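Letter by letter, the chains look like this.
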Amino acid sequence: MGGPCRLRLEVTTRGAADTAIAAAVSEVRRLELKYSRYLADSLTSAINRSAGTGTPVSIDAETAGLLDYANTAWRESGGLFDLTSGVLRRAWDFKSARAPEQRDIESLLPLVGWEQVQWERDSVYLPRRGMELDFGGCVKEYAADSAAAQLRRHGVSAALVDLAGDMAATAAPSGAPGWPVGIRHPVSREQAVARVLLPEGGLASSGDYERCLVIDGTRYGHILHPRTGWPVRGLVAVSVLARQCLVAGSAATIAMLKPPGEALEWLANLGVPWLAIDADLAMHGTLAPVNAPAR
Amino acid sequence: MSLLMIVVLCGCETVQPWERGILAKEEMQWQTNAAEAQLRNQIYASKEASSGGAGASGGGCGCN
Amino acid sequence: MARPKDDRNASLLALTSSALLLPAYQCAQADAPPEFTELGMRYSKYDEDDILARKAFGGGSERYEIDVAQFHLLAPVADQWSVALDVAWEDMSGASPWFVGESASGSPKVIMSGASIEDTRTEVSGTTRYYYDRGNAGINYTYSDEDDYTSHAVAVDGAFNSEDGLTTYSAAVSTSHDNIDPTQGSIPTNTLNARKDINSVWMGVTRIVSKRALLRFGLSYTYRDGFLTDPYKGDDRRPDERKEWAASTGYRHFFEAPNAALHVDYRYFNDDWDVESHTVDVAWEQNLPQNFRVTPFIRYYTQQEAEFFYNIEEPGYEHFSDDYRLSAFGAFSYGLRLRHDFGNWSVNFDAERYKTDESWGIYSGEESPGLVDFWRYGFGLDYIFR
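Sequence lines, in order, name chains S, D and C.
Numbers 1 to 295, taken from this note's numbering, label the letters of the first sequence in order.
Numbers 1 to 64, taken from this note's numbering, label the letters of the second sequence in order.
Numbers 1 to 386, taken from this note's numbering, label the letters of the third sequence in order.
Hints were generated in silico from the structure; no laboratory data involved.
Note that the coordinates shown come from a computational prediction; the quantities given were computed from them, not determined experimentally.
Mixed in with the good hints, there may be bad ones.
[To be verified] Chain C side only, calculated, beta carbon under 8 Å to chain D, not exhaustive:
1. L214
2. V275
3. N287
[Unchecked claim] Label pairs and their calculated CB-CB ranges:
4. C/E163 <-> S/E115: 25 to 35 Å
5. S/R128 <-> C/W81: 40 to 50 Å
6. S/R195 <-> C/R353: 48 to 58 Å
7. C/W81 <-> S/V25: 51 to 61 Å
8. S/D104 <-> C/P23: 31 to 41 Å
9. S/I215 <-> C/S17: 39 to 49 Å
10. S/R195 <-> C/D133: 37 to 47 Å
11. C/E163 <-> S/V214: 47 to 57 Å
12. S/P127 <-> C/P23: 46 to 56 Å
13. S/P289 <-> C/D164: 36 to 46 Å
In this text, a Cβ means the ideal position worked out from N, Cα and C, and glycines have one as well.
Using the sequences and the hints given, assemble the complete structure.
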């Protein structure tokens, strides 16, 4: 799932913990095998292979649920959150400090557009050859929630699932108000910019300073705008705390896609704890430490 | 009783599915030990003139 | 402490409600089949106090005792089914009140049957249950066999959750066909062979009140038809039908600081024999370190006497019974359960003391000399195959 994953749980006997851990780990593996776009036999790859062939791909209730959810996120973000935008990565090489040719970007833009995706309860179809769905924007967060649900089902009352920074807690450890978790510094990754106590629910972060691109002195993030095909000049990092890691993750992603001023206002209106770091490394939000700039 | 029920039900808050962890705890179930509860109810029913209330009454026995 | 606030924002609400339809958030309340096979065994002892010399002709004597062994197996089958098998064996021995007579001083006393009763009962019960998205439904068959009594019963029940999962509607119907074939021995019996049918319906509503509280209401109606007289009690003549109503309510509340759950249950019962009763049950499930749990409980019961209950029979009545179980009385019982979980095992002990007295009831009536006090002890062992 890209990055270190960690489980922390409070149990009294080893035997019960082992089966619970095994169930949580296999749940994460299951979702990875099902939705990874890198694995040839994943459902995502099957959907992408059938793009433009005229044959829809059968899906189960879980996938239909994720598509419904992605549709809600697309609508709520004014079209910014778009599972089809991953195809734009073909034009961008974030390792070089060079922008692609505008015509290369423009040739990919017709393949982007959530409104083109045809999906029903039991099938999905991408109408143009070359179109791609990428569940990467929501599956890691969903997997954190789902692994936490597995731990709960196996009788573990207090647990924290951490999938490379996307976290889900079932309940606070006994005697403590929450799980102590740190929000990573966008530049010095080993350093925490803020510490929060997560009682139950999810914490998700979006933003990657290292993978940004500087072109003609302007810094661009690695998140691509679905309509322009260009990286968004938005916030550097956003963390959101919500009852589900999935919702926290989409809120953070949507904020990253918006222009900075609009993003901060949108986050403030959400009514959940949040932290945002702008291009000047200034911190904003209810979780921002007082008088402590990130730099 | 139906009036009381309506009043009580209106006083409930919306509890989201992920907030139902406590309610799913074993000690929050209607019966925490089914075998013991079954025997207990059978004994009470055979020594008292009342029975039932928590489900349809099961099979009979010669005890009452 | 960072705690998510209420989802008042429209975007957050839209995202949240859309997310909640995904399987990971469909928190298992009661509608998932058991994940693992469960096996349980229990031994219990039921032991009535001796009847006091001043209440019985012929001096004090031993009463009834029962040894009970129970076996329970619950297993998931396919994805959406479970099967359960319950078997119970009971070994009963001792004496019970035969009839009530008037002593020389004028006070009623019981005449015991003598230590003649010796019986065993075997009960086999099979249940299969189907779990669907918003509820579950089960069918049960129970067969019970004693030397002098057999019963076949079938019960069907179902539960259905509201869309938000906050309310569960349940219903059950059951029918039992029983055959009474009293053992012919030292005392004459009221019948040689008779039948009785019991039909019952029940409806219930369970509601999530808060993150920590559940509330339930139930209403049941039971119709008994056939030979309802006690075959062994001297001159017992009861009506051949009985209509019973019971309304019940239950409440569960979890307290985080003591890590304990409060259980409160109440039942109101009423029937066309003029019996009316109230039952209150309170238990405190206290979790302790190292996976121990201790549960003290108390129960209070009070009933009004049946319209045909008299200690001493007066001539001319169509129906008559001197059975102490139909007299007005109050009963207190209290006990303790202790449970310890270790790995896949769970062990539990319990003890209960039950005491009756005519003066403890809220209804006045003739005091029966046959009122019973008893002890109950149990020991159980459960295993989960996970």
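Okay, the hints, checked on the actual structure:
no. : hint                          : result
1   : L214                          : holds, 6 Å
2   : V275                          : holds, 4 Å
3   : N287                          : holds, 7 Å
4   : C/E163 <-> S/E115: 25 to 35 Å : holds, 29 Å
5   : S/R128 <-> C/W81: 40 to 50 Å  : holds, 44 Å
6   : S/R195 <-> C/R353: 48 to 58 Å : holds, 54 Å
7   : C/W81 <-> S/V25: 51 to 61 Å   : violated, 27 Å
8   : S/D104 <-> C/P23: 31 to 41 Å  : holds, 40 Å
9   : S/I215 <-> C/S17: 39 to 49 Å  : holds, 40 Å
10  : S/R195 <-> C/D133: 37 to 47 Å : holds, 41 Å
11  : C/E163 <-> S/V214: 47 to 57 Å : holds, 51 Å
12  : S/P127 <-> C/P23: 46 to 56 Å  : violated, 28 Å
13  : S/P289 <-> C/D164: 36 to 46 Å : holds, 38 Å
Violated hints, in rising order: 7, 12; the structure is consistent with all others.
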